[in-house]
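Below are the chains, spelled out letter by letter.
Number of protein chains: 2
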Amino acid sequence: MDEATGDTTQAAALRNGPDFADEIAQEIELMLSAGNYDGVKTLLEPIQPVDIAEAIGLLPLILQALAFRLLTKNEAIEVYEYLEPSIQQSLLDRLRSGEVLEIVEMMAPDDRVQLFDELPAKVVRRLLAELSPEERRVTAQLLGYDQETAGRLMTTEFVNLKEFHTAAEALTIVRQQASDTETIYSLYVTDRERHLTGILSLRDLVVADPKDSIGDVMTREVVNVSTDTDQEEVARAIQRYDFLALPVVDREKRLVGIVTVDDVIDVIEQEATRDIYAAGAVQAGDEDDYFQSGLFAVARRRVVWLAVLVIANSFTTKVITMNDDVLRQVVLLAAFIPLLIGTGGNVGAQSSTVVIRGLSTQKIQNIGPLKTIGRESIAGALLGLLMLILVVPFAWWQGQGWLVGAAVGISLMAITTLAATAGAALPLLFDRMGLDPALMSAPFITTATDVAGVFIYLRTAAWLLNNAGSF
Amino acid sequence: MDEATGDTTQAAALRNGPDFADEIAQEIELMLSAGNYDGVKTLLEPIQPVDIAEAIGLLPLILQALAFRLLTKNEAIEVYEYLEPSIQQSLLDRLRSGEVLEIVEMMAPDDRVQLFDELPAKVVRRLLAELSPEERRVTAQLLGYDQETAGRLMTTEFVNLKEFHTAAEALTIVRQQASDTETIYSLYVTDRERHLTGILSLRDLVVADPKDSIGDVMTREVVNVSTDTDQEEVARAIQRYDFLALPVVDREKRLVGIVTVDDVIDVIEQEATRDIYAAGAVQAGDEDDYFQSGLFAVARRRVVWLAVLVIANSFTTKVITMNDDVLRQVVLLAAFIPLLIGTGGNVGAQSSTVVIRGLSTQKIQNIGPLKTIGRESIAGALLGLLMLILVVPFAWWQGQGWLVGAAVGISLMAITTLAATAGAALPLLFDRMGLDPALMSAPFITTATDVAGVFIYLRTAAWLLNNAGSF
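Chains as they are written, first to last, in the working numbering: chain A, 1 to 471; chain B, 472 to 942.
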């Protein structure tokens, strides 16, 4: 497809994923074994840091430190942030401690805290001790906030202006600080006590008259969060308002940091993974590292939910054993148990899925909980009615008579209605009680519906058997 | 909690969600009924457009147009973009056509295309005809790209520089275009044929020597996508590289637009919703409008999957009826069918969940498909073994003898191993075949496992019964 027009664009078209990194890794390996260090430098120069990190991760262990050393200082810091935690750690061991310290010292505070979260406590203590007093103070401060709060997510490096600055002075400050701060596109104005009094964007500053004072061009109404705001709420706010960054204030309303949009994208993905895992009865880890973890860790993240569901399922068994006289009379009734509880489970899973997702994306708030439950109940009944058309003739035929068909038909309607109601109501109830609604996700609803479904089915059949004479 | 220090920050702390909008809506309604129009203007001035849009949506229909008219022109455009589609349309009907046209004309091209996607074709045709030739051309062009591609997502308004510009000249251009373009933080450099030759950030421009030429300070290696790139791939690229925007080129490699990070956040959430819905056997709509849609639409989005699963489940019924002689001999065997297939289904759901999510977030690419399937198989067997400890003693006791316990134990191991293997393999197979792996999500795996599980269980029991003498 590429035409040979020779422009650089084509060479740099999007080459995502492992194939591209694999290719670079192979080239690096060849050049390094030939001692062609300048070749590696030239090769890596135009490549994005995240792609370099992935390629280094694919190199043999002994070449990783060598390749890493060939990067320029600035590149090295960026690449280091993108490396897998295990490789970050092995580099820490292999590089001379001076080299490492220099990189860790120059990392953005929020990225450094993320790195420290993943390193062994012993290594963190050693590194912390070796940081410059200023960087140590900032890092210790961020590490002091709870996991998954704005305090943990924020960076303390931002452009801080005063109201009395002129636009021209402010632009000079921005120029000076451009290389040290994570973003220069959102600028923050504070008073003498460091209270946030306004914000302005670099766009505002660039179009302002150079003689205007910042106090006149800034926006005084500032959406902000506090250090203990949950990271999901921070992400929702940035998403809702289409912001590039959001200021974080402490309890005394002093500006202490900012959260930027790139961190928020990762939070949204992490929270989505958590919801999806909950829907699949898998416990989410701190990191999305399922494919990095060992077999034991994999089993640990799945066994608890599985055991809970097995125990819940044993009630279904109990209900059947208590009603085994019905089955003894018409053994074919047993053949429809999986179909009935399966359908009920699927309807319940559908309802809980849409309600949990609606709570998570805050789309459900426009209609009240009672209306939601009512809607789902009616939908459940409607779907049960539609499934009847498929199932009852089949049951009539397989069951060799009216009894199984009638029992399946009546209980199918009851089960789907009940499942949809429970699937909508339980997550809403959990949310109202301040618990995570995702705990009431599909697997739990399905299993709970099983017990009720089997009970309804076998009691209906028993009643029909006992009253068979009257038909 | 608020202290009365009088600074504006506190008044504007994060007030997310329906309560805040509800409050504003009530205030607006009171003021409008009292004819206090200036009061409404003052009230709305400091409030974010998205919050105003939500409040207007909560007003009685007759007041919506009135409140909307009180906004300044610039506010009105922003607020309009955030309104629910139904309210956008009712405003179109209620406002004089001149007012509407002015708003639609001034919207960013990508937002206008999103609006047109939701309006009836008749209204779109009328509006298109009334747009200025330039805006009509741009809109028609964007509408010409497929849904969910970079072409649909992009805006055509960006700052376009030439290599021969000096940094000072470029800054003047940025200043002039600041009010018309969606972002001025990413700047794009093209040659005479509009081929993209480089990019630079406003940060680069601000720190550059005013006399430097753009050709010298720009980055020539540009990550870009083409107009037909899938929106999910665009989102992944922006997320991977922490970009604020990504250039879009046409087939002749000419720069035609850019996609910005705020649109990408919505894409990531939309794709996550789609995956979560698939995991719950709900068909995703074009928009995340489940709670806005009527009962019929709700049923339509659920009935197809449900019917497929019911039909699949009828095979389970068939397997049981074909093996009913075993059940006739030991009716208590039936009591363990739900528990066995439930456990198999849950293990299968776990495996398919992590594999589908891994494919979607591209975390799975580092380990190959065969290794993934192998890992999951072993995990399935391990989990089956752990569940044995819970289930077999219970089965022995409830089943009144060794037969049920032995049959349950043997088939449990077989079912969990099979379920985990299928749960991992089927999504990977679908992905390899170019189909959406989410089609092989939990509900399908669960139902498929049911058939195999019941077969294994009843054949094992039959074999044990026939060979009972030999024990």
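Simulated from the structure, these hints should not be mistaken for lab results. Beta carbons: idealized from backbone N, C-alpha and C, even for Gly. Wrong hints could be hidden among the right ones.
Stated by the list, open to error - Straight-line distance between alpha carbons at most 30 Å, and here's what the computed DSS-like set of lysine-lysine pairs gives:
| id | chain 1 | residue 1 | chain 2 | residue 2 |
| --- | --- | --- | --- | --- |
| 1 | B | K682 | A | K211 |
| 2 | B | K789 | A | K318 |
| 3 | B | K512 | B | K544 |
| 4 | A | K253 | A | K162 |
| 5 | A | K211 | A | K162 |
| 6 | B | K512 | A | K363 |
| 7 | B | K633 | B | K724 |
| 8 | A | K73 | B | K682 |
| 9 | A | K41 | B | K834 |
| 10 | B | K682 | B | K633 |
| 11 | B | K512 | A | K73 |
| 12 | A | K363 | A | K318 |
| 13 | A | K211 | B | K544 |
| 14 | A | K363 | B | K834 |
| 15 | B | K593 | B | K544 |
| 16 | B | K633 | A | K41 |
| 17 | A | K363 | B | K544 |
| 18 | B | K512 | A | K162 |
| 19 | A | K253 | B | K512 |
| 20 | A | K73 | A | K41 |
| 21 | A | K363 | B | K593 |
| 22 | A | K122 | B | K834 |
| 23 | A | K41 | B | K724 |
As the list claims (entries may be wrong) - To give an idea of the chain B side of the interface with chain A (calculated C-beta under 8 Å), a few residues:
| id | residue |
| --- | --- |
| 24 | V521 |
| 25 | S557 |
| 26 | V678 |
| 27 | I739 |
| 28 | I791 |
| 29 | I812 |
| 30 | N817 |
Practice problem: Return the numbers of the hints above that this structure violates; sort them in rising order. | Solution: When the structure is compared with the hints, numbers 11, 12, 25 turn out to be violated.
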